[in-house]
Amino acid sequence: MDFNQSFEDIESQLDNFVIRKNQQSEKSTGKCGPEVHDNVPLTISQIERATQDPENENVFITDDVHPIHFCTCIIYAFVTGNGTHNESFMKFMIDDGTGSLEASITKKPFNGRVISSLYSEASSLASSEAYKSIAVSMMRLLQVSMEYIDPTRISRGHSLFLRGRPNRFRGKMGLDAFQFFIDSGRSRNMEIGFVDYLTDWQRRHKTMQNTTNK
Amino acid sequence: MSLVPEASTSRAPKYCYFFKTLLVEELELETSYHNLHYGQCALIGRLAFKANQYRLENVRVKCLPKKYSLGEGTVSLLILGLTHDKVVENRVSTGRYCIVRGEVVLHNVQHPKGAKLTAGGVYDKINSLSNDPLAQKQYLSALLATYRPAIDLWYIQVIDRAEDLLTRRLEMRSLIEK
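Protein sequence lines, in the order shown, are assigned to chains C and Z.
Each residue of the first sequence is one higher than the last, beginning at 1 in full-length UniProt numbering.
Each residue of the second sequence is one higher than the last, beginning at 1 in full-length UniProt numbering.
Careful, some of the hints might be misleading.
Here are the simulated SDA-like pairs of lysine to any residue, each with C-alpha atoms no more than 20 Å apart in a straight line [stated by the list, open to error]: (1) Lys91/C <-> Phe178/C; (2) Lys86/Z <-> Gly157/C; (3) Lys62/Z <-> Thr199/C.
Note that these hints are calculated values from the structure, not bench results.
With the sequences and hints as input, model every part of the structure.
Set out below in structure tokens:
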């Protein structure tokens, strides 16, 4: 198997991970009261409507009829413009067809430095014939991993998966994102997969709530 | 149903500040221009070049019953601001499926360089003529003869699985309209 094929395999595995991770990591913060979810797939309009739980500042509530209590969420959106970046965050205007808001994406400079130094280490190992093949694999893997932590690669016209939490600042709702994934190119498989997951999740949530309320 | 809106500011269209998913049919077939979408939108369709103009043709809406959905390419909407340079730069070409994001405008077909109108502007004008129903009707008839809906381009991207994506984006739209 050549290197390119190996990396396609790894990337497809990572893609699967992004989608499947949510179902496994849902958790409840307590046995009493409503279930509080993590990594909930939401639309931007639902984030815009979200309010902070008066009993727990880490919890947000969205939708009136079937309220969703959540700490963190996942969205899929198109980058329509740049905000004012600063030392720690890159800021982008994002839009998913239901609403628009500003997302702040953390730069994680420490992680970037760790990956850069590992890359240097791997490239020095590559000069030795005994380690060359593994070192080249490492270098390619580290290059790919930079795409997941370096938000300077994001630009207008990209589509993004973002994992984060709402943040209301000066009366305006935004999103503080901890993780991102750039989905560029003509394939819309990721967007279609996300909408299917979102609609399934929210349908199940409504059914669960209706069953509990009976 | 009256063509003329009631003189009330409560029904005045609000500018849409996000790229709401619309159908090409919803814009191209709308004849009450004060009811046209006001603001930004996202359209999925197939790029065509007809009579020296770039147009976006409709694609089939798979989630609708057959009798309510138009066949692909039945109607098309004028795209403003799309030049050959932009087509090359964005790696699009005629016959390809695209998602087009931009602002809905009314384009003067008799004087293409004339001022563009919007649904908000048309509504305000009709409202200002509320004491003269005849003038309102004349204004609307003149608009229908001179102006056609169009999309003023902001972004264009080639996509695949256009019909599937349109179905999903309409599902997302239904979540905000509930």
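Status of each hint after checking the structure:
| no. | hint | verdict |
| --- | --- | --- |
| 1 | Lys91/C <-> Phe178/C | holds (12 Å) |
| 2 | Lys86/Z <-> Gly157/C | holds (14 Å) |
| 3 | Lys62/Z <-> Thr199/C | holds (17 Å) |
Checked against the numbered hints listed earlier, the structure breaks none of them; every hint is satisfied.
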